[in-house]
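Asks: Below are the chains, spelled out letter by letter.
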Amino acid sequence: MGAGEPAQRGAEGAREGARPLLQVRGLGIRFKTTHGVWQATRKIDFDIAPGERVGIVGESGCGKTITGLSILRLLPGNFAGLDGKILFDGVDLASCSARQMRAIRGKRIAMIFQEPMSALDPVFTVGHQIAETLRVHSDIGYEEARAKTLEMLRRVGIASPERRIDDYPHQLSGGMRQRVMIAASLICGPQLLIADEPTTALDVTVQAQILELLRDISETSHTALMLITHDLGVVAETCTRMITMYAGEVIEDAAVDEALVRPLHPYTSGLLRSLPHLSPRHGRLPSIPGRVPSITDMPNGCRFRARCAHAAKGCEAEQTLQDAGGGRRVRCWRFAELNLPGALHPPETAATGRVARQ
Amino acid sequence: MARRSPVRVVGSRLLQALPVILLATFMVFALLKLVPGDIAVTLAGDNATDARIAEIKNIYGLDRPFLVQYGAWLGKVAQGDLSQSLLSGEKVADSIGRAFPNTLLIVVIAMLLALLTGIPMGVLAAIKPNGWVDKAVSLIASLGVAIPGFWLAMILVAEFSLKLNWLPATGAKAFSASPVEAVRHALLPGIAIAAYGMAEVARQLRGALLEVLSSQYVRTLHAKGLSMSRILWQHGLKNVSVNLLTIISLLVNRMLAATVVIEAVFAIPGLGSLIVRGAIQRDFPIVQGVVFTMVVVVIAVNLVTDLLCAAVDPRIEQ
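So the sequence lines, in the order shown, correspond to chains C and H. If you use my numbering, the first sequence corresponds to residues 5 to 362, in order. If you use my numbering, the second sequence corresponds to residues 918 to 1235, in order.
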């Protein structure tokens, strides 16, 4: 597992002239509250290539979920407006009509959510809910839809699908419900699957199975995956690239292998250091002091600087997401001079480090 | 978890209903005995001697202990006999058989009107909460709840019967003899009772639909590419059908109770008029018979509602 491999892959993609599947450019999302309109995210820029698995990480409230929802234009009722472009296969989703969006939702871009318990309609069978996606987007007969649903249930690893297809959600376990959700989202063969904390509500053993399923499906059917999570372990296991968000901005974008070993932004480094199973066994678990600034009280300049151990004069200036070489980007003007610790030791000492811990 | 067969469910529910019937009839019987006034005095006629009254009490068994009288009534009911009116001597079952269709027609009309107006109002209000439609619906619903049925009934009579002469002001016609005339007679009382029902259906449905529409699975449905109308009419209505059935069953009970006053306003010979007359005259077999009938209807409606709820919502264990 060479650190340079994903970057090479990216370079190959560029050579072939492959257009990214999703290009988010300058995305800003505004919400209205009783106190006025607030900017929830700002100047979000990132690409997702066809078949790529990208993890979006960050603490709660940093705009990950909102960014995911905005791609499908499923923003909640107090949504006030959207700036920038969301280019999907060349079409700007930000300016699509409601009818055009309906044709894309579920068919070309699918989304699964955190709580498989409440994300399924309790009074319809799981078979109905999976086949529904298919029936909404195509003229398909009952028998054919049922056959495809059975096939999909088998594909997502549900044992004896003939028995389960007519079950109601409450008759299934949490892991099975999430498998059903995945089946319902993938049955039309979308090019992009947005998964918002898909394993957070599940217990650890089931989590691993669901992540493996997502990775497997992404690989075999070349479905791009945008995995929104606060769990860096999930990203390390599943994704090839990692985008870190903080206070409504993208602050780092790098291949997972590189970001884990040598993060460029102090916030990414802090997140990695506070992972229990990746940090040294003895001593106090490091944490990032303070909390994400409120949407109503955003500081100027670097939004992380109040919590940053490396803050210096100059951080109060506006930070841009700059090219850091090797296909990496970072929103920190000091990245070159800081040598920040990651979660793993550099590749040559990683093996010994792991042995020592066992 | 194996589902129990519907037959067994109904059987066990009917067994549970027995104590309710006992309690309701016993309480009404006790109340009738507590209030002053005695039917024996009425039966004895004007200027009757105490001896004559005592004799009449003896004939009708009114001098027996309270519990014995109740027991005797209950014993007859158990054999399918609701006994006779003390005043007219007519079989109570016959009186009820004559009065019940009139009351039933009013309740059915009121329920249909309440649902036909309340459901669209509730759905329209829920589509855009706090919009002007929602505000208008909530205003109408507040009026519907606040306006007393008997007052509305008198206004309706004054306007549509006395002034415009569109509908009859009083009385009832047998549905079997002339359905159109029967409905014409039952329409105004039906409207008077339906106002409250409409308000209740609209308010409850709005609340239930809003809860459904804000739930996580509705977001999933949007993410799957469903249109709003499909989400509303397919998933929304199926999810609130349990709420709707519950509202209907509660309304049946309430409307039955409301007929007592409304029938008096419109002089309709229904169950309500029957029980009022029975109570005034202390003709307790009549009162007991009507209470028994109403309790049975309420229990039957609740049972049917529960069975229907279990049919539409798979999470409900029977």
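Hints are computed from structural coordinates only; laboratory data are not their basis. Do not rely on the hints blindly, as some may be mistaken.
Claimed, not checked - Lysine-lysine pairs mimicking BS3-like chemistry, simulated, CA-CA at most 27 Å apart:
#1 C:152 - H:950
#2 C:47 - C:89
#3 H:950 - H:1045
#4 C:111 - H:1155
As the list claims (entries may be wrong) - Estimated spans, in silico, between C-beta atoms of each pair:
#5 H:1048 - C:38: 17 to 23 Å
#6 H:1150 - C:290: 50 to 56 Å
#7 H:1062 - C:37: 29 to 35 Å
Claimed, not checked - Footprint (simulated), chain C over chain H, 3 or more residues, beta carbon under 8 Å:
#8 1023-1029
#9 1223-1233
Even glycine gets a Cβ: it sits at the ideal position worked out from N, Cα and C.
Asks: Starting from the hint list further up, note which numbers the structure goes against and sort them upward.
Replies: 1, 3, 8
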